[in-house]
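Given the structure of chain A, go ahead and fit chain B onto it with the hints provided.
One line per chain: the protein sequences are A and B, in this order.
Numbering-wise, this note's numbering puts 64 at position 64 of the first sequence, and it's gapless, one number per residue.
Numbering-wise, this note's numbering puts 89 at position 89 of the second sequence, and it's gapless, one number per residue.
Keep in mind the hints are simulated off the structure, nothing from the lab.
Wrong hints could be hidden among the right ones.
[Said to hold, decoys possible] Incomplete in silico selection of chain A near chain B, CB under 7 Å:
no., residue
1, I41
2, L44
3, F48
4, R60
C-beta: ideal position from N, C-alpha, C; glycine also.
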Amino acid sequence: MLSQDQIYSKVSATLVEALNVDEDDITPEATLQGDLGAESIDFLDIVFRLEREFGIKIPRGELFPESIFQGDPDFVQNGRVTDKGLSELRARMPFADLSDFEKNPEVTAISDLFTVHMIARYIQGKLDAPNGN
Amino acid sequence: MRFLVMRWIWIDRFVEFHRGKAARAVKNLSLAEDHFADHFPGFPVMPAALMLEGLAQAGGILVGELNEFREKVVLAKIPAARFFGEALAGDQLIYDVEVLHARPEGASVLGKVSVAANGKSALIAEAEIFFAYLDQARSRQLFGEHNFVFGSELRLLLDSVRVLAEQSDAQKALAAQEV
Chain A
1 MLSQDQIYSK VSATLVEALN VDEDDITPEA TLQGDLGAES IDFLDIVFRL EREFGIKIPR
61 GELFPESIFQ GDPDFVQNGR VTDKGLSELR ARMPFADLSD FEKNPEVTAI SDLFTVHMIA
121 RYIQGKLDAP NGN
Chain B
1 MRFLVMRWIW IDRFVEFHRG KAARAVKNLS LAEDHFADHF PGFPVMPAAL MLEGLAQAGG
61 ILVGELNEFR EKVVLAKIPA ARFFGEALAG DQLIYDVEVL HARPEGASVL GKVSVAANGK
121 SALIAEAEIF FAYLDQARSR QLFGEHNFVF GSELRLLLDS VRVLAEQSDA QKALAAQEV
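Just chain A, same shape as in the assembly (with noise of 0.2 Å):
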């Protein structure tokens, strides 16, 4: 079983490959498309790369979901995320960390959400679960 160093180390040098940024690029707070460069294609090559290394199954969409509020009105109000859009937030990713998000929540913030640290949490959840995958 790895521990969450292996986790966070293996993450780490996938996003090496995957975003061709240097390895002190990377730190747990790093976002991925603001810090480390990444445009929307990278995403699927670090899903590839994630499924490989760790042999796990990446549903499409739970790692990166690709739309999470469509456009809503209950979950978007001008520009900013509802209480009610928090909460789908929350069940779409139970890896992320909200709390900063939570205080000022524009929609135009999300992305910050992915970070270095939210895939190793998500890694860890999966390998977990009881079923592997």
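Showing chain B alone in chain A's frame:
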């Protein structure tokens, strides 16, 4: 006034096709091809970008066949490409493509380019290629229903692929029976 349509087929023929796994295609280099005139005058070598295009076409067809060419498969990313040697007019390029990973959103393929000459073959390039399936709804908005990826130009190639795939499936079935 007659409009000249530029052809954009960088493989000549598929010689092997194993559905969902691997395929081999060949491309014969001819001094008559336009790119040799400029690349370079007096020293005609196959541009690396066009070798990659051939690999991408072979790989895209391998991957597209999985959905009977209904999806629009487009080249999305080349994570790594290495070039070890040159290809000259008169050489035959052999493109070997192998599916590494396939998902509903896209697939990744390992492609190798070898040059065959005088009964020998040498690896001259290798690349990992990523294909994405253009989102159906979005591409309908932008481009309409027509599948511009697997269009009429590639028809002959795609038909040959079906024949090869069926032959390969039949051989596998036969081998399985003999076991």
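Comparing the hints with the structure gives:
Against a cut-off of 7 Å between C-beta atoms, the interface hint on I41/A holds, since the closest Cβ of chain B lies about 5 Å away. For L44/A, the shortest C-beta to C-beta distance to chain B is roughly 5 Å, which falls under 7 Å, so the interface hint holds. For the restraint placing F48/A at the interface with chain B, the shortest Cβ-Cβ distance is roughly 5 Å, inside the 7 Å limit, so the hint holds. Interface restraint check for R60/A: the shortest CB-CB distance to chain B comes to about 5 Å, inside 7 Å, so the restraint holds.
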